[in-house]
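A.B. asks: Protein chains in written order, with this note's numbering: chain D, 1 to 499; chain V, 1 to 499; chain A, 1 to 499; chain Y, 1 to 499.
The set of hints was computed from the structure by calculation and includes no laboratory data.
Just so it is clear, the structure is predicted and the values come from calculations on it, not from any experiment.
Take these hints with a grain of salt, some might be off.
Using C-beta positions, here's what the derived DEER-type ranges look like [to be verified]:
hint	chain 1	residue 1	chain 2	residue 2	range
1	V	Thr310	D	Asp52	28 to 34 angstroms
2	A	Gly36	V	Lys63	47 to 53 angstroms
3	Y	Ser192	V	Thr310	35 to 41 angstroms
4	A	Asp85	V	Glu207	28 to 34 angstroms
5	A	Lys413	Y	His253	37 to 43 angstroms
Here are the simulated DSBU-like cross-link-like pairs (lysine-lysine), alpha carbons at most 30 angstroms apart as the crow flies [stated by the list, open to error]:
hint	chain 1	residue 1	chain 2	residue 2
6	Y	Lys33	Y	Lys56
7	V	Lys176	D	Lys391
8	V	Lys151	V	Lys183
9	V	Lys33	V	Lys181
10	Y	Lys56	A	Lys349
11	A	Lys390	Y	Lys384
12	Y	Lys384	Y	Lys56
13	Y	Lys110	D	Lys68
14	D	Lys349	A	Lys349
15	A	Lys288	D	Lys391
16	D	Lys96	Y	Lys63
17	D	Lys391	Y	Lys110
18	D	Lys71	Y	Lys63
19	V	Lys349	Y	Lys413
20	A	Lys56	A	Lys33
We put the beta carbon where it would ideally sit given N, CA and C, even for glycine.
Chain residues, written in single-letter form:
There are 4 protein chains.
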Amino acid sequence: MSQDHQKTYVMKFGGSSLGGYKEILQSVSIVEKYAGHSNLIVVCSAMGDTTDHLLKAIDQAKKGDLEKARKTISEIRASIEKAIDKTVSDSSSKQKCRDWTAERFEEIDKVLLGISLLRDLSPRSLDYFLSFGEKLSTSIVEAALSSIGLKTKYLTGGEAGIFTDETFGSAEPVLKITNEKLKATLTPLIESDVIPVVTGYIAETLEGHEVITLGRGGSDYTATLIAAAIDAEEVLLWTDVDGIMSADPRIIHNARILEQISYLEAMEMSAFGAKAMQPRALEPCARKGIPVRIKNTFNPEVPGTLILSTDNMVNGVQTGVKAVGSLTNVGVVNISGTSIVGSPGTAVKIFEILKEHGVGILMMSQSVSENNVSLVIRRNELPKIVRALKKDLLMEDPETTRSTASSNTKFSKVDYEDDVSIVAVLGRGMIGTPGIAGRVFSTVAKQGINIRMIAQGSSEINISFVIKDKDRNKAVTALHEEFVERSLEDQPVLVSKAS
Amino acid sequence: MSQDHQKTYVMKFGGSSLGGYKEILQSVSIVEKYAGHSNLIVVCSAMGDTTDHLLKAIDQAKKGDLEKARKTISEIRASIEKAIDKTVSDSSSKQKCRDWTAERFEEIDKVLLGISLLRDLSPRSLDYFLSFGEKLSTSIVEAALSSIGLKTKYLTGGEAGIFTDETFGSAEPVLKITNEKLKATLTPLIESDVIPVVTGYIAETLEGHEVITLGRGGSDYTATLIAAAIDAEEVLLWTDVDGIMSADPRIIHNARILEQISYLEAMEMSAFGAKAMQPRALEPCARKGIPVRIKNTFNPEVPGTLILSTDNMVNGVQTGVKAVGSLTNVGVVNISGTSIVGSPGTAVKIFEILKEHGVGILMMSQSVSENNVSLVIRRNELPKIVRALKKDLLMEDPETTRSTASSNTKFSKVDYEDDVSIVAVLGRGMIGTPGIAGRVFSTVAKQGINIRMIAQGSSEINISFVIKDKDRNKAVTALHEEFVERSLEDQPVLVSKAS
Amino acid sequence: MSQDHQKTYVMKFGGSSLGGYKEILQSVSIVEKYAGHSNLIVVCSAMGDTTDHLLKAIDQAKKGDLEKARKTISEIRASIEKAIDKTVSDSSSKQKCRDWTAERFEEIDKVLLGISLLRDLSPRSLDYFLSFGEKLSTSIVEAALSSIGLKTKYLTGGEAGIFTDETFGSAEPVLKITNEKLKATLTPLIESDVIPVVTGYIAETLEGHEVITLGRGGSDYTATLIAAAIDAEEVLLWTDVDGIMSADPRIIHNARILEQISYLEAMEMSAFGAKAMQPRALEPCARKGIPVRIKNTFNPEVPGTLILSTDNMVNGVQTGVKAVGSLTNVGVVNISGTSIVGSPGTAVKIFEILKEHGVGILMMSQSVSENNVSLVIRRNELPKIVRALKKDLLMEDPETTRSTASSNTKFSKVDYEDDVSIVAVLGRGMIGTPGIAGRVFSTVAKQGINIRMIAQGSSEINISFVIKDKDRNKAVTALHEEFVERSLEDQPVLVSKAS
Amino acid sequence: MSQDHQKTYVMKFGGSSLGGYKEILQSVSIVEKYAGHSNLIVVCSAMGDTTDHLLKAIDQAKKGDLEKARKTISEIRASIEKAIDKTVSDSSSKQKCRDWTAERFEEIDKVLLGISLLRDLSPRSLDYFLSFGEKLSTSIVEAALSSIGLKTKYLTGGEAGIFTDETFGSAEPVLKITNEKLKATLTPLIESDVIPVVTGYIAETLEGHEVITLGRGGSDYTATLIAAAIDAEEVLLWTDVDGIMSADPRIIHNARILEQISYLEAMEMSAFGAKAMQPRALEPCARKGIPVRIKNTFNPEVPGTLILSTDNMVNGVQTGVKAVGSLTNVGVVNISGTSIVGSPGTAVKIFEILKEHGVGILMMSQSVSENNVSLVIRRNELPKIVRALKKDLLMEDPETTRSTASSNTKFSKVDYEDDVSIVAVLGRGMIGTPGIAGRVFSTVAKQGINIRMIAQGSSEINISFVIKDKDRNKAVTALHEEFVERSLEDQPVLVSKAS
């Protein structure tokens, strides 16, 4: 019987938390601990690098090398079987799980063969193929939990109630229906003390009832959608780091863990990778004010990073720089001409061109007297956008490079740089701290680094700037030293270790 | 007979150079000096603050106070008559000029009476009324030059050959026809040693042959259009300062004169007032590489500021910060929401709203993770734009403040600040000088000033940022000290005095 | 004290119903008759052709001929004074009314003088000037009603409560506020047995509280806005015809009166002039189901035409052709090219061009295999639209007629005809009557008339087609004979006489 | 050696002309006959219903029924092998052809297996799979021609030189490059008396060099692209009918053959199926004035239908109705509201919605007073468009059907009909023949058929109207009788028989 006063947690175990049988056992023991005194819903990513292996197998199959592809899959299979063997103690459960996964591998092999023959696959088939990663890992976790005596139920995202549009590869849930269905499916289970064990990342199309994936951050999104639908107490995202870090630890070895950050800060940091969440994935919880905690599966005593609304922050809101991020593989497009300033008609044209090509803007800057707009976009999208802007704004025929524009034309040039990176200094409340911009750019200047472009919006949560690729590490290191490490000396902070 | 080897200069005398009879005499003596050894075309602005007085009279007339309006005009008239009396020595010329201006004042009085009765006037009538400022001053200058023995011919802009579209208040010339007509009208005069004396600022509509004005910087534009049409040697813009200054001298008392700057730099500085030129007005010369020189009528030996292409610069191109500008009466609009990043569709919407309301963008910034776009626009346009953005993006009904948007909406907030200014640090080739951004923002920070927004495009000719109004002077002073005055110590520069 | 059980009518007297003193007396007697047993609100247009005279005076003044303009106004004044003399019997009222109108004429004279001096006037001044037409007529009617013992109150549209946006010349009411204000102002008056006498056509801007006009059909609109705001029983539009006619009586001498038509039919007929209402003006009543009756001031016993919802129609809904309309001064634009069919992108472009030039579409047709779209627009707008389409779709430089389009271009031709008229056959429920189209086009063909373009939408309330101007009367006559007169023979109808 | 004076013909054999070995032999004999006195390029479609069978096999494979799919393919294979056996007399050629096709079938089988495993295929894979139809038929024709002693060369479309964009399923050639390549590849062959035998329908992507198909009418397009590139004398499209017919012979048994029609007429007729050409496919020849002749492979003495420019027509241009077409599986969308007329802003919105959903407009009508726009689109696209219009124009939430629009909204209704057909009466120069519209609609009316919507553009080449599906055959029959058969009696025409 369910305890009415018990709190309900949604726990998502990421790929690294399910990396192999040892990791699964560790994750299982965490669930066991929480299950004693709270209601739980467990969401699972694919084990370890399963998804990468699946993609690799696809690639091999597309090149026609079925044998290699099968070998890649057989490696996945080996680790899956070992995981079943070591984590599912109950022998009947074990057999059932084995049989079930065997069937999945047969399905996988068929798809693989199909790809190798067609040398191509549709987005729909890709989603179907990738879904096996989560299906396999989730079934093992479910069986493992069951074999230690917990009441569990395996559910795919679609079975749980997540219904989406038809955008294969990055489906968007139909929120109202999804909320209702999730609640209708999961509440009775929780009330009967059953732990739903749900595949992350995968969902079901509303119209065709086909398997579809939620795209980047999809497992987190699964967890937060569920939490919002059932008004959970907290979402715990179990991962392999002690929390969101003040910088990419591959660049900054002594990057530190952030104890608590706001939803907005977390969304911003996501743009710079780290282990932070996709803005979209955070939205369901942000809307309802449900805290999200990043925890380390392998260091569960450490409190991790708590993402919450500023209203609920312990010890008040901390302001100032919290992290330093960076982003490479980007390029700058520079559009200049005497009359851009003050011409929203031109801006409309530029953005219609971007829209038509499905290209997102990473950074944008126009300063008052410059007659110039600069845009940062992904590097691989540079050529087509530069070509399109030249053609549509300058009326230059790309085949002949002959401009057909009359002398009345307001635009004179579209150029670009493709060897640049974005660096950003992040933290809510830089607003209350004069001098941060000065320190940021002085710090960068001391390294002899030249700045190509700057953007800081009036929300003042981050300052982004563009530098040459080769200067990236130097800039990030210097900024982290200046802002994060120095403040570390001044105030007692949680010392933690990134795994 | 014209000397074929003589160079042709287009000289524009600004309002302050024609402020009163003394100033006109000074301007006349300058023309006299050049006339000895070169071909000249003279372009005249309205005398002193005539245009302001005309506008004041309109305002008074619109309020129905005809007497006040007439008094305002009578002040203009008094100074016009005095100017004729003192500058046109030849008595027959004097009488002719007097009669002619008397007729003009009758026309003016009629319009004034009309306005006082209608309490309103159309853009067409406004242009007609304002045109008298240039007509009067130009006729005096023409008569004065004639009475010292120069062969001259008075021409309105339309008579000279400038034909435009129908946009009253800021007409745009129809370039091809204007070029042909200017050449056809002016070349024969020059070849007969006649100095055309042309009204600046005013032109003629191509279709209706009505008087129309060229808008801001219109007299400069008249001069550069003429220079480009006849391939003049140089344009001399006679004004009351020794050149373009490194900062607004009302804020920085020891602002310095810039010896030479590029067209592009001049265009940028124009956004920040100073005595620099409108980008549009500079374009005809920039296209043809004709140098434009800012000269002080009252200090004619000083070389002034030479605006030219970087190719032609003496002593090579100077890089680094050259000037500090600022702009007040602006406001920031801040649009934030989880999914702005990567949504060019949204950007299209925003700029369509701006376009529909005819609102120009002064500054724009979007940084990578912010989920936020910030725009700076003129302050008086803030309310309508904020209202429109709320309505069209957030689907908030401005009457009821009730949002009708579904929970799927991507935008969450549109807010604004209206007590801010833009400050900009300007100078070509900040690109080759790492550390400028750092020094800029450190300098500002040392003053305890908080920065709300930053934009620097990749052309790196200026860094613009937004601060509170109250911090403007402090910021400009500190930056000028740091960048301009300090560099002054290092290198020998032309010391000059702003009048 | 007001009778609670009394019904409330809104009566609008059009210009012809107030054409001179005799007409005003007739209108007053109508009000008197109704006032005995119902609550009334009276809305007045300008007397007779006052508005045309005002426009004529403006034109004369714009040409500078003040004397002519004053003479035009003095004619208006004479008839106004005569009207006061003959219709306002009470001598004190008469004097008051005389004094009041004298002041108005002084204002008029001032504006006129102003225009003659400026040779131009702004839309705001135009609205102000035109408003005198309604102010004068309404004040006379009010005084006349008062002098026969009725309790009355003169109100301008703004005083009554109609508040609008700032579109001078064709203001749009801010509905919510207008509804509230009208109710708040008028209800207490009615409840005190006072008859509000309201200027039609004119209103007040919400922001600046300036006089503004409602544009075409503005007096009708005033009446229907009031009726909808106070939930009136019926609107009576008093005019000089017995009702809406089956054809333009200038073409068809025995055109007949329509007894009852639906709101939708009335809206459609409005496009073809007649005495029908602007769709916009009918909307407030259509929304609330308040009937609108067209009555003849000079033949008040005739029931006139009742415009109402089909639900409320007496004897059921009549189907079939009811009227034949025509519209000249239009032109056809024809856009053809291999790939228009199936290219909504092209359609978007075409309509953006129309939108940008503020040009409305009167008729539009695209048939399946034609590779061709035909549009009918007002004739005077043809040149600019043809030029714009050639430039933007065909990329033909209108200055050089040289096409810069590559051979990939999908469009090949934009041409037009400017000597054409639209003819339309109108009537709800042509849907239930097969063969009407056949009869329409056979009838036209029998006259040897060639049809250039046809459009009939699926609502099937009208069939519109385009023919040469010279064939218009012939076509209208033949169609009216075929459809209206023939049906006249078959069924007993109200025989009435168009004045 | 090539005869310089010989004319060059491009011949395309359609699917029915290669339906089986007998048909191939017939086609081969036609080539043989022409080869004697002219240069030839032969373009082949897939044999008979091969493409349909390939699509059927895909469908079966997608459903997972590999066996059925293989059976479908084996049927194709049987007829292919029989065709080789019977048409390739030379035994070495026969063996070579057999071996080559066997390899193709192995490739086909692989793809089929792949599809059956993935249950889906990408557009790229689809194009690859479909390309086998043309490859197989073309290789047989080439071998057959070779074995009767003609010098031939097999070429795919890409090998011949047709290079396209990346739009799989309906690729568009990059014209300039394609023209150059086709000329460079084919001219030397022709000059060496070799007959290029080219696969119709398939081409190669410019960037990735992948197989791609040209979409509807692709084989015709292949032939016309080639003809235009090498300036051929004429294109002969060999098919199984005696020419383009005056109506669909499935509806009208005595439909007649049209002797000669203009390019424009042929383009229009294409919308109504028949055996006419896609406008796009006709364009290359229309641009160069190269005649295109539709010929019957099985009745080669009959001259067929000649498509040419009106300038080149024998016996002058024939005017009047030439054909009656119809189109079913369409639906009408009807958008009505008080203020559509005169609001191009609304039109822009409507067409942007259509564009966004990729929906083409088949027919469009707006008549002057209707406050109503009617659009005809494909029936299967109705639901999404109606939903989108309701949402975006009426602001009705499709989930709740609750309108969030304020009372200011201009639109009131979007409805539709889905049981309708388009019927069209076609023929150049209906312009010179008054009364056609009348006869058209009278004829339809006599059948008791009600017309829902009409559109005739001002080019007057067709009149299209919409009726209920059930009335289609009746309408087409009556119109054909009235216009085509009756005129048949009057004038001597070519009597011919549709196979």
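A.B. asks: Compare the structure with the hints numbered earlier in the document and write down the numbers of the violated ones, lowest to highest.
C.D. replies: 1, 3, 4, 6, 10, 11, 15, 17 and 20
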